[in-house]
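For the sequence shown, counting from 1, position 192 maps to 192 in full-length UniProt numbering; every step adds exactly one.
Among the hints, a few may not be true.
[Said to hold, decoys possible] For lysine to any residue, the following SDA-like pairs were computed, each having C-alpha atoms within a straight-line distance of at most 20 Å:
hint, residue 1, residue 2
1, Lys44, Ala226
2, Lys29, Asn41
3, Lys30, Glu64
4, Lys212, Trp238
5, Lys30, Tyr56
[Unchecked claim] Okay, the calculated beta carbon distance ranges per label pair:
hint, residue 1, residue 2, range
6, His17, Ala226, 21 to 31 Å
7, Arg19, Glu188, 30 to 40 Å
8, Arg208, Asp231, 20 to 30 Å
9, Trp238, Asp75, 18 to 28 Å
To be clear, the hints were calculated from the coordinates, so they are not data collected in a lab. A virtual CB, placed ideally from N, CA and C, is assigned to each residue, including glycine.
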Amino acid sequence: MKNEFGIIVTEANVNNHLRTIRKRWARIKKLKELSGMGWDNRLKMIIMGESEFKNYIKIHPQDEPYLNKPIEDHDLLEIVCGNDQATGRCAVQFGDDIGTHMDDSVEYRRPSQNDSLDDMFEDTNYHVNISLPTHNQSENTENRGESSTQLKKGKGKRKIPSEVEAIQEMNNTIKEALVTKKSTRNLEFAKELIGECMKLKVYGYSGRQINKAYDWLMADDSRAMAFLAKDEELRQYWAEEFFESIHNQQEYFRSPI
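Based on the sequences and whatever the hints tell you, model everything.
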């Protein structure tokens with residue numbers, strides 16, 4: 001982590017941060033399971049009716065960042081935390097209080113190569129049961145017992161991931177997640193965005209103006225997602241403010257100093 005990102009991370013830092021990420025992802029998954037919720041996979045947005053949204057946020061204001069707006073870093077959270085199919089065990093209804101009491105009693109199985117990063121860092125206690133030889137046993141038996149004990153202890157130590165291995169694994173996972181996120185910005189998404197931008201022609205904007213707006217939106221995922229999530233009226237307001245700001249900048253640079 002220090003070589004790649006210039007920061008020093010301890011095992012405690014990793015565990016604490018992953019615990020926070022897991023709780024955030026658990027809250028998002030529970031919101032998806034609420035009765036009456038919709039899901040827009042293209043925008044990565046949980047959809048709730050306007051009246052229901054207002055009533056719900058009064059009771060659960062902490063869930064406001066996850067409703068009716070693109071969820072920040074949704075794909076990264078899904079990669080790091082995994083996305084198991086819902087079993088119904090955690091299903092909740094509209095009036096239930098979610099996001100305030102997380103279920104920390106779930107037991108995690110021992111990690112394998114296919115496990116997500118949060119499973120790999122779960123605190124695990126390894127126990128090696130060794131039968132000590134009695135005084136009545138022969139010397140050969142004692143030697144065999146010592147060899148068996150050393151072998152079991154050695155295996156136990158190898159099963160416990162070291163701090164260096166754990167942090168390196170997290171480093172690799174983060175890099176893979178970043179590459180995956182970049183790959184989602186593909187040609188299909190670019191064509192969809194330009195198609196929506198071209199609809200601004202109905203408000204009298206030229207192709208040259210629309211091209212500037214498109215380039216500005218494509219430079220940042222959050223900008224593009226926010227634009228696509230807007231309805232026709234909000235897009236018109238956005239276009240007016242955007243082109244007005246460009247006009248003001250041009251006038252500023254043209255004015256004599």
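Run through the hints listed earlier and report the numbers of any the structure violates, in increasing order. Going through the list in order, the structure violates no hint and respects every one.
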